[in-house]
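Using the sequences and the hints given, assemble the complete structure.
Heads up: the protein sequence lines correspond to chains A and Y, in order. Going by numbering that gives the first Met the number 0, 74 is the number at position 75 of the first sequence; the sequence numbering is gapless. Going by numbering that gives the first Met the number 0, 417 is the number at position 418 of the second sequence; the sequence numbering is gapless.
Rather than coming from a laboratory, the hints here were simulated on the basis of the structure. Do not rely on the hints blindly, as some may be mistaken.
[To be verified] In silico BS3-like cross-links for lysine-lysine, where the CA-CA straight-line distance does not exceed 27 Å:
1) K23(A) to K515(Y)
2) K609(Y) to K4(A)
3) K600(Y) to K93(A)
4) K93(A) to K178(A)
5) K486(Y) to K5(A)
6) K5(A) to K609(Y)
7) K600(Y) to K23(A)
These numbers were taken from a predicted model, which means no experiment stands behind them.
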Amino acid sequence: MDFNKKYTPQTWPDHPEQVTLEGKNKFLGFWLFLGGETVLFASLFATYLALKNKGPSGMEFSTDTLFELPLVFIMTMILLTSSLTSVYAMYHMKNHNFRGMQTWLAITVLLGFAFLGLEIYEFNHYVHLGFTYGQSAFSSSFFTLVGTHGLHVVIGLGWIILLMLRNAKRGFSLYNAPKYYTASLYWHFIDVVWVFIFTVVYLMGVVG
Amino acid sequence: MSSIAKKKGFGATIWDYLTTVDHKKIAVMYLAAGGLFFVIGGIEAMLIRIQLAQPDNDFVSAGLFNEIITMHGTTMIFLAAMPILFGFMNAVMPLQIGARDVAFPFLNALGFWLFLFGGIFLNLSWFMGGAPDAGWTSYASLSLASPGHGIDFYALGLQIAGAGTYIGGINFLVTIINMRAPGMTYMRMPLFTWTTFVASALILFAFPPLTIGLFFLILDRMFGGNFFDHTMGGNTIIWEHLFWIFGHPEVYILILPAFGIFSEIFALFSRKRLFGYSSMVFATVLIGFLGFMVWAHHMFTVGLGPTANAIFAVATMAIAVPTGMKIFNWLLTIWGGSIKVTTPMLYALGFIPSFVAGGVTGIMQAAAPLDYQLHDSYFIVAHFHYVIVGGVVLAILAAVHLYWPLMFNQMLSEKLGKWTFWFFFIGFHLTFFIQHFLGLMGMPRRVFTFGANQGWDLFNLISSIGAAFMAVGVIILVVNIIITVVKNVPAGNDPWEDGRTLEWAIPQPVPFYNFKQTPLVRGLDTFWIEKQEGNKVGMTYAEPLSDIHMPNNSFIPFVMTLGLFIAAFGALYHGEKDWAIPVLVLGIAITVGSMAVRSIKDDHGFHIHKEDLMNDKGGK
Ligand code: HEM
Ligand SMILES: [Cu+2]
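And the structure:
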């Protein structure tokens, strides 16, 4: 298999990510990895639910007074939109439109950074209220759950940026198509996890 | 790239192993490193039995005793049994399904180095202020209270090693799903491949909870978290749940490949098709599935309540059904076979009664009310050594003899092999059978000594004598290996003469590209079928001879691991030394940086050309 072979929109396969054996393996392996990641987050969620609002006697913090939904709602919208833009990017990859894909990925990355900025702002705000990492079991489990998600966002951003830079001059090949594809899968996964965080941590925390 | 065998210098050989991505070489490294840890764990076991050989002994202090039992359990499970099994999976599974290599050769190397460095990190604790001392289960209420850095070494070391295992699990899964040779349908896969498959699936879902548990432990001990500290609202039981949600599947991660090895042995040396193949597959999958539903049987006495205890008791007992199916299938495979009692077969025959005994005590413990009596006594110690030594370790020793000619093209001495077996087998029963009674007489596990007036002297002494027998067995094995390696007599193709599955069809020594042409699989026991039909060239092939694509060697897995290893020291000394945070950052930068290099660089591997292949008679 010649990895550097150049394709045109006419010869470009329908599922460029799954043409080579390497691509097939990456595709499957990454899905399996996400299966494991699901269990990882499930463990974090379970722990959070067990420790929510638990702290030293007389703790003043609780989910209904701490969280503010408007900010988190904006964050949710931003991340959901970024998932949509990454779908556009993949659509352009299928159509062998490299510029289109890079553009939509760039937008995805910008939205990702916006989300990250708001999250840092939010964490900073809590810390200033005295809700620090070591303040209680509640705070530890909250920051660990949401922070692990945040770390995934950071990794996702780094990964997508690296891919965009690396391939900027090279264009599409059957070698990098699976990489783009799995990166976008990862981004969707991050988005899905956030939907659960929004529901379980924030919504159920304030109104539940 | 020519494939003609060359003599390499010592330095070149080392470099070759440091950078290799070949599943066969990685297998050898797993076996060597796992074997070394097995010996270390065995020495720790001997120290335990020396201390307990007589009452009121002061051979080791109470604190040191705790460190020794903790390191013994942790080493044996994570650094000996699993890596050695991984070694066999690497060596055998790709050949069994006729694959060129595993799906991700690069990650395969990465997984190995992570395991090795995690293991080294854990063992460095001995020299850097003391080993972990809260038991291999490291219950949070104990481990948070443990002074010094022992527990930190445990948490960080297992985190690194665990990442390696997780990567390995995904790799095997993808290999088996995507890279089977033409004709190798799922229901033609040899049992060892099947059990590798299910064990890998268990790894995929069982290791993340452990990762999270260890992560919490690291955060609590080193970074000011409060997960397990009840004065801050934490809950120590969370650790127990996370640990056992991992821990019970883990015991099946160990035993399923052992079942696979024995299934191969029974069929091979009874010279008969495995009895009830499809029910074996079904039982394997069912055991894997049920394995996730029973973790709370380790927590009967925690106080989850009668309803929870009852549910978990019934679920636990249910596992005995598929396990029993397997036992009967093996017996019926031997039944009427033309049996050859080789060393591997001896182990297989010894395995059946030993493992059944362990299963029976398991069922006893599964009865929650009875477990209130048995829990944390020597009865438990007897149970899990019957299943782990009587199952997993016997399988490993059997596989060392069985697959040695496949991996090294040499035959271990059958005579010494049988000596090893008898010493080990007798020693094993001598050591652990009597521990059931010690448990029933009330001796708690994990005590560093006992009084002369408690009536436990004789049984403990017998148990220690048994341990010495096992040690002799292992020493004979080491001697056997040394003699065989020095003599270096080629074993040749199909060394056991009755090979049934694909791995025995490959020429010896195994070429680094495996099968020259991908074989066509025409049924279960495909090599046997070919031999029955008088095929003299080995296999029927699915493709004409053509160029073979191979991955390049890479030093990056090693460097990535080194980064994490360095970072772990930073985390360990966090809040204590000024250099801790810079070292942590440096280590992570090394890892992330080398990952970036890997993904930016073009690395398409190379081709072995048809002409070179035609001239190649094999050889590494
Ligand atoms: C029929 C099968 C089995 C049943 C019903 C069973 C049941 C149990 C139960 C109920 C316990 C908890 C006892 C207690 O702590 O009070 C236990 C402990 C244990 N079992 Fe099994 N078991 C079975 C097979 C196995 C196998 C195949 C392995 C390993 C290969 C294994 C390894 C262990 C270990 C390591 C422990 C002790 C963990 C510790 O506390 O340190 N068991 N078993
Ligand atoms: Cu269990």
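Is K93(A) within 27 Å of K178(A), Cα to Cα? Holds. K93(A) to K178(A) sits at ~13 Å (cutoff 27 Å).
For K23(A) and K515(Y), compute the direct alpha-carbon distance and say whether it is at most 27 Å. holds, 23 Å
For K5(A) and K609(Y), compute the direct alpha-carbon distance and say whether it is at most 27 Å. holds, 26 Å
Quickly compare the C-alpha distance for K600(Y) and K23(A) to 27 Å and report which way the hint goes. Measuring from Cα to Cα gives roughly 21 Å; hence the hint holds.
Can you confirm whether the C-alpha distance between K600(Y) and K93(A) stays at or below 27 Å? holds, 24 Å
For the pair supplied as a hint, K486(Y) and K5(A), confirm whether the alpha-carbon distance does not exceed 27 Å. At roughly 54 Å apart (the allowed maximum being 27 Å), K5(A) and K486(Y) break the hint.
Is it true that the CA of K609(Y) sits at most 27 Å from the CA of K4(A)? holds, 22 Å
When held up to the earlier numbered hints, the structure conflicts with hint 5 and nothing else.
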